[in-house]
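Asker: Each chain is listed here by its residues.
Protein chains: 2
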Amino acid sequence: MEQFSVYILGCGSALPTTRHNASSQIVRIGNKQFMIDCGEGTQLQLRKSHIHFSFINHIFISHLHGDHCFGLIGLISTFGLLGRTAPLHIYADALLKKIMKPQFDFFCKELPYRLIFHDIDAEKNEVIYEDNSITVETLPQKHRIPCCGFLFKEKPKKRHIRGDMMEFYKIPNHMRNGIKNGEDYITPEGETIPNHRLTRDADPSRSYAYCSDTLPCEHNIPLINGADLLYHEATFANDEETRAAATFHSTACQAALIAQKANVKKLIIGHFSSRYTDEQILLQEARSIFPQTVAANEGLHISL
Amino acid sequence: MEQFSVYILGCGSALPTTRHNASSQIVRIGNKQFMIDCGEGTQLQLRKSHIHFSFINHIFISHLHGDHCFGLIGLISTFGLLGRTAPLHIYADALLKKIMKPQFDFFCKELPYRLIFHDIDAEKNEVIYEDNSITVETLPQKHRIPCCGFLFKEKPKKRHIRGDMMEFYKIPNHMRNGIKNGEDYITPEGETIPNHRLTRDADPSRSYAYCSDTLPCEHNIPLINGADLLYHEATFANDEETRAAATFHSTACQAALIAQKANVKKLIIGHFSSRYTDEQILLQEARSIFPQTVAANEGLHISL
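Line order of the protein sequences matches chains C and H. Position one of the first sequence corresponds to residue 497 (this note's numbering), numbered consecutively onward. Position one of the second sequence corresponds to residue 497 (this note's numbering), numbered consecutively onward.
Heads up, some of the hints might be wrong.
Copies of the same chain are indistinguishable here, so a pair counts whether it falls within one copy or spans any two.
To be verified - No farther apart than 20 Å at their CA atoms in a straight line, the calculated lysine to aspartate or glutamate pairs in the EDC-like style are these: (1) Lys676 <-> Asp617; (2) Lys544 <-> Asp774; (3) Lys544 <-> Glu794; (4) Lys654 <-> Asp699; (5) Lys620 <-> Asp699; (6) Lys761 <-> Glu737; (7) Lys653 <-> Asp627.
It is worth saying that the hints were derived from the structure and are not from the lab.
All chains should be modelled from the sequences, with the hints used to inform the complete structure.
Answerer: Take a look at the structure:
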C-alpha cells in the first residue's frame with residue numbers, strides 16, 4: 497500500500513518550552529506532503545526532519561492563534577530563497593491573508609513562486625482539497641476563535657487484478673482498467689465472467705483526522721468515525737478540566753472519549769500545556785479510556 | 497566590575513540550518529538585558545538559555561530582513577501570555593510597526609503591557625538609548641536595505657575612593673560622591689588635598705559593537721575604535737568575496753580587517769552562510785589577520 501503517515505514537527509501549546517515546539521505536522525500520502533499548522537520554528541523543525549521542503553505544496557491552518565501560524569512568514573520566505581517555483585496553497589481563515597498582507601508585500605515581493613490562498617469557513621464541514629486519490633475536509637471545532645480540524649481521506653481504491661485469471665481468460669491489456677473499476681469480462685464466446693472472479697478486494701481507504709484546538713466535539717464523531725488515526729489535542733490533565741473548558745481546550749480523557757466514541761483505530765494526543773514537564777499523566781489518563789493512545793513528540797512518525 | 501557580556505541566541509543567516517538559528521543575541525550590562533535582533537525561533541532559544549524573559553525591556557532591530565525580525569511577533573505574544581506588565585521598547589526602522597500593525601492589532605489586542613516603538617534612522621550615527629550607566633548608538637551599515645549596527649558604551653565611571661585616605665583626613669561621608677566625581681578635598685585648616693591622593697582610577701568604560709548585516713564599513717572604524725568586543729558578520733569565506741560584495745555581506749577576512757583597523761580587543765564572527773557545515777575555514781581566515789577572533793555559536797557567552 498502507498499505510504500500514509502503523519503510526522504510531528506511540533507506538539508506544544510501557546511508557551512514555548514525546551515521540550516516541545518509550536519504546532520505543526522506533515523501528512524505524507526504517497527509522494528505528496530501536506531502541512532497542518534505552522535507555529536514559530538516550523539521551518540527549523542522541518543530542516544531537522546530532513547523532509548524535502550519542495551514537496552510541500554499545501555498548508556492547512558486550523559486557526560489564527562500564533563502557535564499555529566507564526567511560522568508561516570519564515571517558511572514562505574525560505575521557500576523563496578530556495579528557488580521554489582511551484583505554487584504554494586494555503587488554506588486558512590480569510591483574515592490570515594489580510595493580517596499578513598503588509599508582511600507579504602514587504603518581505604515576499606520578489607517571491608519566485610505564487611502564493612494561493614483558499615479561504616476556509618471553519619463552521620462548515622466541506623471538502624477543501626481534492627485530487628485523484630484523496631480529499632481533505634474541514635471539521636468544525638469549538639475554540640475561542642473560528643477553528644477547524646482536517647480530515648484526510650483516501651478515495652475508494654481500485655480492485656486488484658488477479659494475474660492468473662487475466663492469463664487464463666487471455667484478457668487484453670486495454671481492459672485492465674475497466675476490470676480494476678469493477679467491470680465484468682465478456683469472453684469472445686459471450687460468456688460473462690463476474691468481476692469478483694477476476695479481482696481481489698481493493699485496499700481499504702484510510703483516513704486521518706486532526707482535531708486541535710478544541711473542546712471535545714460530539715458533532716464530529718460521525719465524520720471521523722472509523723478513522724485509522726486521530727490526532728486530538730489534550731492540552732490538560734483531568735484535574736484541569738475546568739481550566740480546559742474555560743480556555744476551550746480538551747483534557748486527555750476527553751480526547752480519549754472522542755476516540756472511543758468515533759471508533760478510531762489509534763489516537764495521538766498532543767498540544768500539551770507547558771505546565772507538564774512529562775506527558776505520562778496525560779498518556780495514562782487517555783489510555784485508561786482508550787488504550788491505543790500514543791503521546792505526540794517532535795520527530796514521531798506514525799504510519800496508518 | 498559590573499557584568500558586561502554578550503550571549504548568542506542565533507548566529508546563522510537567511511536560510512535555517514540544523515546548526516544555527518537566525519540572528520539574535522542578548523547584551524547583559526549589570527542587571528539590564530538588551531536584545532539585538534530577533535529572528536524566528538528566538539523565544540525558543542531564549543527558553544533554552546534560561547535567561548529571564550521579564551528582564552528584557554529593550555529590543556534593537558538592525559534591519560528588516562526576516563532572519564533578523566520574524567521572531568518578534570512570537571516573543572511579544574509570549575511576553576503577554578507570561579503576564580508581563582513592564583513596557584517593551586522596540587528600536588527599529590519606522591516601517592516595522594507599519595508592516596506588523598495588522599498582526600499586532602489581531603494577535604496582541606489584549607496585551608497586558610505597552611509596546612513602545614522608537615524609529616531608527618539607519619543612516620545616522622546617534623544615541624538612541626541612554627540611562628545612567630550606558631548609551632546605545634546606531635552605526636550606519638551598508639546593506640541591501642537600510643541597516644544599522646549598535647554600539648553599547650558604558651559612560652565614564654566614578655573614581656574609586658581610597659578608604660585609608662578617607663579615614664586619615666576624616667572626610668565626612670556626605671562628601672564621598674563629590675570626591676568620586678573628581679573633586680579635591682579642602683581640610684578644615686584650608687589645606688587642599690588633590691583628588692588623585694584620595695582616589696584610584698575609575699574602572700575603564702567598556703564598549704561592545706554589533707555590525708551585521710553589512711559590507712565592511714570603513715566609516716565606522718573611528719566610532720568603534722578600541723571597543724572591547726566587536727561582533728561582525730562574516731557570512732562568507734574569501735573565495736566568495738564577489739558573492740559577499742554582490743549581496744552586501746562581508747567575508748571573514750574583511751571582518752578581521754575592520755577589527756584590526758579599529759583596534760578592538762576581541763572579535764566574534766557570525767551570521768554564517770548555510771553553505772558552511774563547519775566554520776573553521778571562516779575562523780582560520782579571520783585569525784590569520786586578527787588572532788583574537790572567536791566564532792559565534794548558539795549558547796556562547798562572552799564577558800567583556
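Asker: Within a copy, between copies, both or neither: where do Lys654 and Asp699 come within 20 Å Cα-Cα?
Answerer: Within one copy only: 8 Å inside, 82 Å across.
Asker: Under a CA distance limit of 20 Å, which applies to Lys544 and Glu794: within one copy, between copies, both, or neither?
Answerer: Answer is both; intra-copy 10 Å and inter-copy 16 Å each pass.
Asker: Taking 20 Å as the upper bound on the Cα-Cα distance, should Lys620 and Asp699 be classified as within, between, both, or neither?
Answerer: neither (30 Å within a copy, 68 Å between copies)
Asker: Within, between, both or neither: how does the pair Lys761, Glu737 come out at a Cα-Cα threshold of 20 Å?
Answerer: neither (25 Å within a copy, 58 Å between copies)
Asker: Please work out whether the CA atoms of Lys653 and Asp627 approach to 20 Å or closer within one copy, between two copies, in both situations, or in neither?
Answerer: Within one copy only: 13 Å inside a chain, 70 Å across chains, cut-off 20 Å.
Asker: How would you label the pair Lys676, Asp617 (within, between, both, or neither) given a Cα cut-off of 20 Å?
Answerer: So Lys676 and Asp617 fail the 20 Å test inside a copy (37 Å) and across (69 Å) alike.
Asker: Is it within, between, both, or neither for Lys544 and Asp774, if the alpha carbons may be no more than 20 Å apart?
Answerer: between (23 Å within a copy, 17 Å between copies)
Going through the hint list in order, the structure does not satisfy hints 1, 5, 6.
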